[in-house]
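Start counting the sequence shown at 1159; every next residue gets the next number (our numbering).
Certain hints may be false.
As the list claims (entries may be wrong) - Pairwise CB distance ranges (calculated):
| id | residue 1 | residue 2 | range |
| --- | --- | --- | --- |
| 1 | Ile-1220 | Leu-1396 | 32 to 42 Å |
| 2 | Val-1338 | Arg-1241 | 27 to 37 Å |
| 3 | Val-1365 | Ala-1234 | 34 to 44 Å |
To be verified - Straight-line C-alpha distance at most 35 Å; calculated DSBU-like pairs for lysine-lysine:
| id | residue 1 | residue 2 |
| --- | --- | --- |
| 4 | Lys-1244 | Lys-1219 |
| 5 | Lys-1246 | Lys-1286 |
| 6 | Lys-1219 | Lys-1246 |
| 7 | Lys-1189 | Lys-1286 |
Since the hints were made in silico from the structure, they are not lab data. Nothing here was measured: the structure is a model prediction, and the numbers come from that model. Every residue gets a Cβ at the ideal spot worked out from N, C-alpha and C, and that includes glycine.
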Amino acid sequence: FFRDLGVAYERTEIAPGRPNVVAFYESPGAKRTVMLDAHLDTVPVDGMTIPPYTPTIDGGKIYGRGSCDIKGGMAAMLTAFARLVKEKPLGAANVLMTCACDEEHTQIGIEAFCESWGADLSSPFRRKPNVAIISEPTNLDAVVAHRGATRWRIITRGRACHSSEPRNGTNAIYRMARVVAELEQFAEVVRGINPPHRLVGPATLSVGRIAGGQSVNVVPDFCVIELDRRVLPGEDPLAVIEQLGQWLRPRLDFEIEMESPYIVSRALGDDDNGSLADELL
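Construct the complete structure from the given sequences, taking the supplied hints into account.
Below you can see the structure in the form of structure tokens.
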């Protein structure tokens, strides 16, 4: 698409089979660069009740895998980008069009773009844009703030033995059950630790996954849960892990392991976004 438009572009493989694609439109005399971003990936097709790979138009809407998140947004941005390139309107900004991989899981695509800024200022792909507009399905609402997310795992360990004599072992799942019960209480505490943000509401905590044991006839020596902590603008997304640890450990008579987070996504505050949102609207 970008090659046919005749614009500068790059394709960089961030992980095996997962590339970033970026293009640049230079507007004569432009004083700022606007970044338009739409990610390339979608969520899996599990649980879909329509044929995922057969796009279907019904009632003026298109149905199919990722048609809303985010192929619709990407199509809109690519159309706008192409129109700028073809019509070259006076007074337009430079446009950096980023198509990032892996937004749905670990965000390695957009992180790679951000980390590349400043590396070589002679390249339009290495200069930090002035503003960014992210294409996500929001019913055309200009979203100027959102919560961040920190996700990590907690592990309990026990001692395995045959289930015919469970007292000979230590059940890691029973231990985790106590952890989860404490987390259910802490989830309510979290909502009041900081005042709710006027746009995005309170901080939250949720346990989303649990796994443990190797067989029904063996007392489990291992259990793991995954947590999702939504952080408010102004909260430190790493500090919330120790915050939880300080609540949890005094309430338990056994050790737990808290792994390093596999997702650390900072919140977006609305302090600097008002004028851009007004302009966009």
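(message) Just to be sure I understand the hint, the distance between the Cβ atoms of Val-1365 and Ala-1234 should be within 34 to 44 Å; is that true here?
(response) holds, 37 Å
(message) The hint says 32 to 42 Å between Ile-1220 and Leu-1396; measuring C-beta to C-beta, is that right?
(response) holds, 40 Å
(message) Hint check: Lys-1219 vs Lys-1246, CA-CA at most 35 Å. Holds or violated?
(response) holds, 31 Å
(request) Hint says 27 to 37 Å; check whether the CB-CB distance for Val-1338 and Arg-1241 agrees. (result) violated, 52 Å
(request) Starting from Lys-1246, check that the Cα of Lys-1286 is at most 35 Å away, please. (result) Given pair Lys-1246, Lys-1286 holds - Cα atoms ~22 Å apart, limit 35 Å.
(message) Given the hinted pair Lys-1189 and Lys-1286, is their Cα-Cα distance within 35 Å?
(response) With a Cα-Cα distance of about 13 Å, the restraint between Lys-1189 and Lys-1286 holds, given a limit of 35 Å.
(message) For Lys-1244 and Lys-1219, compute the direct alpha-carbon distance and say whether it is at most 35 Å.
(response) holds, 28 Å
In summary, the one numbered hint that this structure violates is 2.
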